[in-house]
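Protein chains in written order, with this note's numbering: chain A, 1 to 173; chain B, 1 to 589.
Calculated directly from the structure, the hints in this document are not laboratory data.
Don't take each hint at face value.
Unchecked claim - Here are some chain A residues pointing at chain B (derived, C-beta under 8 Å): (1) 20; (2) 52; (3) 72; (4) 96; (5) 106; (6) 120; (7) 151.
Stated by the list, open to error - Far from chain A, by Cβ distances over 12 Å, these chain B residues were calculated: (8) 6; (9) 12; (10) 19; (11) 91; (12) 96; (13) 99; (14) 137; (15) 141; (16) 315; (17) 329; (18) 330; (19) 331; (20) 333; (21) 394; (22) 505; (23) 507.
To be verified - Covered by chain B, according to a simulated footprint, are these stretches of chain A (three or more residues, beta-carbon under 8 Å): (24) 79-93; (25) 132-142.
Since this is a predicted model, take the numbers as computed values, not measurements.
Here a beta-carbon is modelled for each residue, glycine too, at the ideal position from N, C-alpha and C.
One letter stands for each residue in the lines below.
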Amino acid sequence: MLVIKLIQSIVKALHSEGTPAQVAAGLALGSILGLTPLLSLHNAVVFALILLLNVSFPGAMLGWALLLPLGFALDPVFDAVGRRLLLDSPALVPLWTALDNMPVAPLTNFNNTVVLGSLACTLAFFLPLFFGSRWGVARYRTTVAERLRRSALYKAVTASKLYNLYRLVHPEG
Amino acid sequence: MTAKPALFRWRAVGPLLLVLGVVVALWVLFADRILRESLEEAGSAIVGARVEIRYLDLDLAEGRLTVRGLTVASPHEALENVLEADELAAEIGVLPLLEKKIVIDRLAANGLRFGTARSTDGRLPPRPGDTTSLLGEAQQWGRRLEIPALELAAGVLGVGGVDPSQLATVRDAQALRARADSSRRAWETTLAGLAVPATVDSASAMVRRLQGARLTDVQLLAQARRTVDQVKRTTDRLAALERDVKSGLRALESGAAGLDAARQRDFARARELVRLPSFDPLRIGAALFAPAAARRFEQALYYAAVARRYMPPGLKPRAQPGPRRVRRSGLDVRFPRERGYPGFFLRTAELSFTLARDSGPPAAYAGRLTGLTSDPDVYGQPTVFAATAPAVRAGALLDHVGNRLRDSIGAALADVRLPALRLPGLPLALDPGQGGVSFGFALARDSIRAQWGVHSEAIRWTRDSAAGPGSDVERLAERVLTGVKRLDLATEVSGTIARPRLTVTSNLDRALADGLRAALGDEVAAAERKLRSEVDRLVDEQTAPLRAQMASLTSAAGPLLSQPQAQLARVQQDLEQQLRRITGGIRLP
């Protein structure tokens with residue numbers, strides 16, 4: 001069921017009305033939700049950005065769903081990066097001390113090794129992920145999607161009554 | 001050409017506000033519950049046992065926090081609470097909460113009760129790096145205190161059961177003999193490896209060849225010099241071997257000298273093994289009360305260690321395990337700042353508590369706690385607790401400011417209900433009833449000084465109904481003890497955490513020692529003499545051959561090395577004499 005949902009959201013994101021840049025931006029923002037511990041204040045901001053900015057919402061949900069397992073798998077790496085930043089970088093201690101003693105900043109849990117490590121890694125890969133996925137979506141739409149649309153199976157499925165019934169329920173699917 | 005999409009999706013503002021509204025509504029509905037669970041979890045992590053809160057109400061607008069039905073389980077006893085509180089009312093700072101810091105300006109704690117019973121085990125399973133690991137460390141410390149068993153002979157006093165394998169002197173002597181043997185073999189092998197006779201023979205042959213040589217026999221002279229060098233090298237190695245032999249002999253001699261001290265320890269051990277009753281009041285007192293005293297000191301040390309862990313000195317970043325969640329917890333690192341809020345700070349607490357009495361309602365007392373903080377160096381002053389009332393004096397000082405690390409607690413209570421004490425080794429329980437108790441514990445860095453005293457004028461004795469009648473000596477001990485109706489107990493620990501010393505004195509141990517001596521003195525003295533001669537016999541069986549072996553080794557070591565040394569010196573001298581004769585004392589290249 002989960003896999004079907006995932007495939008459905010992939011298809012939805014790739015075939016949505018949004019431009020490749022919108023899908024990629026959604027994907028990159030969604031990756032922050034997936035890679036960092038969800039119940040953190042910064043994720044509320046990211047979620048608000050996903051809603052407010054004109055990025056692909058299905059893309060964001062896809063980014064979240066795809067990168068969530070990766071987030072779990074990479075937790076030891078994030079923990080190590082966080083330890084390095086918080087405990088083994090004397091030059092950064094004044095910054096952390098200032099943040100830890102200012103209102104609101106500590107509520108972000110920046111002082112947790114996994115939160116900081118995962119956020120730092122996600123932000124470092126944000127732009128590569130954005131540009132990479134924008135290129136990927138554009139390529140997909142000009143090659144694979146076009147060929148798919150021309151295929152006999154696709155035509156047969158989209159011409160079927162069952163599909164028309166489905167479109168009635170999911171008009172933008 | 002398609003139009004560039006707008007940057008903002010303004011129609012999402014509505015749903016976003018809706019989501020925000022839902023979040024706020026959830027917070028209003030569940031904040032108390034979330035905070036209660038967080039406090040329970042944090043409290044449990046700090047105490048090392050379950051902390052439970054029945055009711056919690058947080059009023060952020062008024063900066064008020066009310067907790068009712070607080071229960072703190074004991075990390076040491078399964079079915080006991082360290083503390084129960086009817087109500088805690090706190091005035092909390094709202095601004096520090098934005099920094100995730102808890103600053104309580106004033107706390108009123110009502111209805112505190114200590115040592116109450118509970119129906120479920122409140123202890124937590126040990127977790128590495130958690131407070132529960134401190135529990136293990138405190139228990140390990142408790143095991144460092146020497147607590148003798150109460151030895152009461154179970155029948156006719158006999159000494160026939162001394163097992164030589166349990167005597168350290170026997171084992172040490174056997175080990176020394178083996179070491180002496182292996183040392184001797186090693187030295188002989190090394191000496192053989194030096195090939196002194198071959199070197200001496202070769203040098204002597206060279207001396208003979210040089211007798212007819214002239215200055216022009218350059219090759220022969222070069223060979224002669226090489227031979228001299230070889231003799232010198234062998235002499236040096238021999239000197240090294242001699243040093244090795246001397247240090248080996250010294251080590252063996254010091255080992256043999258240590259056997260006398262080991263013999264004394266063995267005698268004491270053998271005395272324990274054959275369970276001869278001791279008449280030493282200190283030993284009897286330790287056997288009777290040291291386990292109970294050790295448990296109390298161990299608990300005090302545990303709480304001091306907890307205080308040191310959660311109230312560390314200095315302003316360095318502090319890491320502690322992060323919150324439990326589905327994802328990895330990681331570490332939460334705090335960065336205290338001198339002029340900031342401490343992570344936790346309780347400025348003043350007014351405590352009202354009750355203590356049970358033998359009869360009538362529990363007595364009510366009041367105390368005041370100031371400056372309890374997780375960052376002593378941010379606050380800059382020690383944490384102080386004081387409670388004074390008729391018949392009660394209690395105080396505590398936790399001074400971790402400026403890396404001082406001094407923790408002390410003291411309490412003296414009169415006319416309170418004292419808990420019963422079981423006497424190890426005897427089927428008796430001592431109920432002191434109403435009386436006075438004093439407890440003091442001071443830890444300065446790793447130096448420890450603690451005392452626990454109990455005084456009662458009307459103690460009651462209860463015999464374990466399931467226990468058998470016991471031996472004659474046990475019955476005598478029971479008779480002596482149950483005849484005593486007053487208790488004066490004083491226990492003390494001093495020294496360092498690594499090397500603590502526990503002393504126990506009481507009127508009971510003196511009474512028991514006198515009673516046992518009067519009844520068994522002659523018999524025990526005779527048994528002791530017999531035991532000593534038995535230990536001496538077993539030990540001498542091993543030490544006598546060792547001493548002979550050592551004497552033989554020492555006497556053999558001299559000639560073993562001196563002979564080859566003399567031979568080498570002689571041939572070196574002959575060679576150098578011949579060389580001087582041929583060269584006329586001139587050093588040739």
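Hints versus structure:
1. 20: Since the shortest Cβ distance to chain B is 12 Å, the answer is violated.
2. 52: holds, 6 Å
3. 72: holds, 7 Å
4. 96: Check passed: Cβ of residue 96 (chain A) comes within 5 Å of chain B, closer than 8 Å.
5. 106: holds, 4 Å
6. 120: violated, 13 Å
7. 151: Because about 26 Å separates residue 151 (chain A) from the closest Cβ in chain B, which is outside the 8 Å limit, the hint is violated.
8. 6: violated, 5 Å
9. 12: violated, 4 Å
10. 19: violated, 8 Å
11. 91: At roughly 20 Å from the nearest Cβ of chain A, residue 91 (chain B) sits farther out than 12 Å, so the non-interface label holds.
12. 96: violated, 9 Å
13. 99: About 5 Å separates residue 99 (chain B) from the closest Cβ of chain A, which leaves it inside 12 Å; violated.
14. 137: Given a closest Cβ separation of 24 Å, the condition holds.
15. 141: At about 29 Å from chain A, residue 141 (chain B) clears the 12 Å cut-off, so the statement holds.
16. 315: violated, 9 Å
17. 329: violated, 7 Å
18. 330: Non-interface label fails for residue 330 (chain B): nearest chain A Cβ at 3 Å, not farther than 12 Å.
19. 331: violated, 5 Å
20. 333: violated, 4 Å
21. 394: holds, 35 Å
22. 505: holds, 50 Å
23. 507: holds, 56 Å
24. 79-93: This one holds; 6 residues, not fewer than the three required, reach chain B with a Cβ under 8 Å.
25. 132-142: violated (count 0)
Comparing the model with each earlier hint shows violations of hints 1, 6, 7, 8, 9, 10, 12, 13, 16, 17, 18, 19, 20 and 25; every other hint is respected.
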